[in-house]
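Participant: Top line first, the protein sequences correspond to chains A and B.
The first sequence lines up with residues 1 to 436 when you count with the numbering used here.
The second sequence lines up with residues 1001 to 1436 when you count with the numbering used here.
Any given hint could be a false lead.
To be verified - If the Cβ cut is set under 7 Å, some of the chain A residues that face chain B in the computed set are:
hint: 1; residue: S75
hint: 2; residue: T157
hint: 3; residue: D160
hint: 4; residue: F164
hint: 5; residue: A197
hint: 6; residue: H222
hint: 7; residue: E225
hint: 8; residue: T285
hint: 9; residue: A287
hint: 10; residue: F399
As the list claims (entries may be wrong) - Calculated from the model, a selection of chain A residues having no Cβ within reach of chain B, i.e. all distances over 12 Å:
hint: 11; residue: F64
hint: 12; residue: K89
hint: 13; residue: N167
hint: 14; residue: L370
Claimed, not checked - Okay, the calculated bits of chain B under chain A, using three or more residues with CB under 8 Å as the criterion:
hint: 15; region: 1055-1061
hint: 16; region: 1097-1108
No lab work stands behind these hints: they were computed from the structure.
Quick caveat: nothing in here was measured; it's all calculated off a predicted structure.
Even for Gly, the Cβ is constructed at its ideal location relative to N, Cα and C.
Protein chains: 2
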Amino acid sequence: MSDSTTHESVSVGELGQHVGQVVLLRGWLKNMRSSKKLHFLELRDGSGVAQCVVFKGDVTPEVFALAGGLTQESSLKILGEVREHPKQKGVYEIGVKDLELLAGATDFPISPKAHGTDFLMDHRHLWLRSTRQHAILRVRHAIIQAVRNFFDSRGFTLVDAPIFTPNACEGTSTLFETDYHGQPAYLTQSGQLYMEAAAAAVGKAYCFGPTFRAEKSKTRRHLAEFWMVEPEVAFMDLDGDMQLAEDFLCAIASHVLETRKPELEALERDISKLESIKPPFPRITYAEAIDILRAEGHDAKMGDDFGAEEETVISSKFDRPVIVHRYPAALKAFYMKQDPANPELSLCMDVLAPEGYGEIIGGGQREDDLGRLEHMIDHHQLPKEAFEWYLDLRRYGSFPHAGFGLGIERSVAWICGLPHVRETIPFPRMLHRLAP
Amino acid sequence: MSDSTTHESVSVGELGQHVGQVVLLRGWLKNMRSSKKLHFLELRDGSGVAQCVVFKGDVTPEVFALAGGLTQESSLKILGEVREHPKQKGVYEIGVKDLELLAGATDFPISPKAHGTDFLMDHRHLWLRSTRQHAILRVRHAIIQAVRNFFDSRGFTLVDAPIFTPNACEGTSTLFETDYHGQPAYLTQSGQLYMEAAAAAVGKAYCFGPTFRAEKSKTRRHLAEFWMVEPEVAFMDLDGDMQLAEDFLCAIASHVLETRKPELEALERDISKLESIKPPFPRITYAEAIDILRAEGHDAKMGDDFGAEEETVISSKFDRPVIVHRYPAALKAFYMKQDPANPELSLCMDVLAPEGYGEIIGGGQREDDLGRLEHMIDHHQLPKEAFEWYLDLRRYGSFPHAGFGLGIERSVAWICGLPHVRETIPFPRMLHRLAP
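Take the sequences, apply the hints, and build the full model.
Facilitator: As structure tokens, then:
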């Protein structure tokens, strides 16, 4: 392509600003169809897909023949004039003047026909090129942007929690272990304890990074490696925590709706379900949740924990996320604050997503009384020595505080309407999946 | 404090909006001094530090006595009137009307006197409360915001790279290993290979997450766990890569200068050094860098790699970051593209920070020729099977592309003017440091 340097190189997403101009595009062939005098090439470059029309009369015989023989995922350089689609407003196409094959692609493994999940997962590095995966990646990105914007605009300081932790505080069964220069280290399952130290320093803190679970479970909700955001706020109580979670989820939903509607449509998501994520969220006690389960014919009794099935039944009663608070202390971690109104209960809360997507947020107010916290560490038979630094936070200016954790992949599954978390992260790590 | 519920709860950072009003503050005692009729309490709450004046005539004798006996890091609730500081414009103080001790603090380990580094590191969870650490945390946060804003505003898609990787592609000596359900897995050292797959899908991709090095080195530049951002762009060459790195570093410096000047001042950073981070950055070849070293009396010869000492000498010749490009291929990774003008060289580049802060960016154009890449994998004696998925990117629509990696902690050290990376991350992990 001899005259390519004299023309501006643009992306498909920018075509609307170049109508009537001759521009240069680079990308990959997504699909094509041909007639005797025309080839319609669908060119994708990451910013969008443009139809490039090769008319026999507009190009040399060599270029017309080259266009006719192109295969899926070949990389191309195309010179052509930008014009608005004759029938679709806001859609632009290219009248091709010249075309160069940068690199061919023979027998691209993923054709438009259906493939099995294992096959697609084995080719994840190529599967990402599909419209569907592209849409999920962009919604995931928007959710992460919304998360950071939300906390940054409210005066939170990002305080990254460590990945390597020295103690297997709650048993090693679900921890990944590594040899850290001669001593065992474990990959973090939560940054919360560190965020409590951070809240005493900066008032409002959050961390956002990967966390790890070595669970043997093979369900549609579990990954070995997943991202979690965890805010922690000094002088906030359980009510404030529930309010923060509600504001937060509403901000995520509205940011995605504002910026990623085309992607949600590509995923065939029922957008009305997302539009109803508005305040106020229903707030029910654990005891009321048990009542709902019983009314629906479930054999639930006080003290039972909720699994995926119970969460689905409870959430199905509401059109938006439901906050369940004050679970029995016996079901929750040692650091949850006792309910002063009922010592059997914790000042904790879970947020269940609608449509059966399960728990997406777990959190609560933390025990800030040194003596009670020491008692709980004892009661849970945890090694007190490992928690001395954490107890320091109660020794030096203890303070009421609360926070929560939101799992990104479950949130992506919910917002995108995906039945399985495996597509919610670019390179999923599951029980039997460590590659590519 | 009986009437506290009738007054608005505000943070120190918001005091300017409440001059003349009686408000409620919560925080920790940073410092205090007293005279016969006055106690001056410095209250910190994460959003700032406010002087709270307790005048004997304004409070009950019990409250005056309580205030006089407060210890460092006690947590407090203070009711008082907001007034502008009589001498300092924009500084507000509190005329205390009532005060409640939430929780005491006896013998807080970190007093205003000097402490050794090991002692402070052992008390990292409390050390974070200091003005200096608070300033570093906030600059770090601003750098991370600038990173994300930069790529998000330029149409990049965030594509998180995996932490667990299946192959010890380049030897296990600096890799952390874990047992992944019966097979070995290694913690990532770079997301780059995955970003190359992502660039073919979305055009412009970046990842941003923790990376890991099991190096035995104990230097002021090394951490076992550090955060890295890695952009990768389809159809970009080495020149474009250098331009992107320059734009990127300028955007980081200007965002920090715009939003974190008080913190830089608290760190006694020479701000003029940051103000000179402006385009254009000098660009020199590796050969020219060797010339500089020789002219400075160093015994450098073609083919030598640069260590901390050499980087300091080279960067000291410039008042802003310097880009060194086209190193000998033998010094660089297998995936670097051969320079068509000289097959002994790579189309790679490093960016060296000024003032001796060393390499903060490394990157370059990637080999996009399947045959040459296979040859390099062979030449480096790497297991070809582990790279089959990566080679697929050259089999199906290969494309010129380039990218780089920026280490966050070294950037924080540079921007804040810190001699050691250990303070650049909230909870550092080093050779002999895994706690708290």
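Participant: Taking the least C-beta to C-beta distance, is F164(A) closer than 7 Å to chain B?
Facilitator: Hint on F164(A): holds, closest Cβ of chain B at ~5 Å, below 7 Å.
Participant: Holds or violated: A287(A) as interface residue toward chain B, Cβ cutoff 7 Å?
Facilitator: violated (28 Å)
Participant: Is the nearest CB of chain B more than 12 Å from the CB of N167(A)?
Facilitator: Check fails; 8 Å does not lie beyond 12 Å.
Participant: Per the CB criterion, is T285(A) less than 7 Å away from chain B?
Facilitator: violated (24 Å)
Participant: Does F399(A) hold up as a contact with chain B if the rule is Cβ-Cβ below 7 Å?
Facilitator: OK, holds: F399(A) within 7 Å of chain B, min 5 Å.
Participant: Was the hint right that E225(A) lines chain B, CB cutoff 7 Å?
Facilitator: At 5 Å from the nearest chain B Cβ, E225(A) passes the 7 Å test, so the hint holds.
Participant: Less than 7 Å between beta-carbons is the criterion; does D160(A) satisfy it with respect to chain B?
Facilitator: holds (6 Å)
Participant: Taking the shortest Cβ-to-Cβ distance between F64(A) and chain B, state whether it exceeds 12 Å.
Facilitator: Correct as stated: the minimum Cβ-Cβ distance to chain B is 21 Å, above 12 Å.
Participant: Would the stated hint for A197(A) survive a check requiring a Cβ distance to chain B of less than 7 Å?
Facilitator: This interface hint holds because 4 Å falls under the 7 Å limit.
Participant: Compute the least Cβ-Cβ separation between K89(A) and chain B, then decide whether it is above 12 Å.
Facilitator: Non-interface label on K89(A) holds, nearest chain B Cβ at 23 Å vs cutoff 12 Å.
Participant: Could you check if T157(A) really has its C-beta closer than 7 Å to a C-beta on chain B?
Facilitator: Because about 5 Å separates T157(A) from the closest Cβ in chain B, which is inside the 7 Å limit, the hint holds.
Participant: At a threshold of 7 Å, is the proposed contact between H222(A) and chain B supported by beta-carbon distances?
Facilitator: violated (12 Å)
In summary, the structure is inconsistent with hints 6, 8, 9, 13, 14, 15 from the numbered list given earlier, while agreeing with the others.
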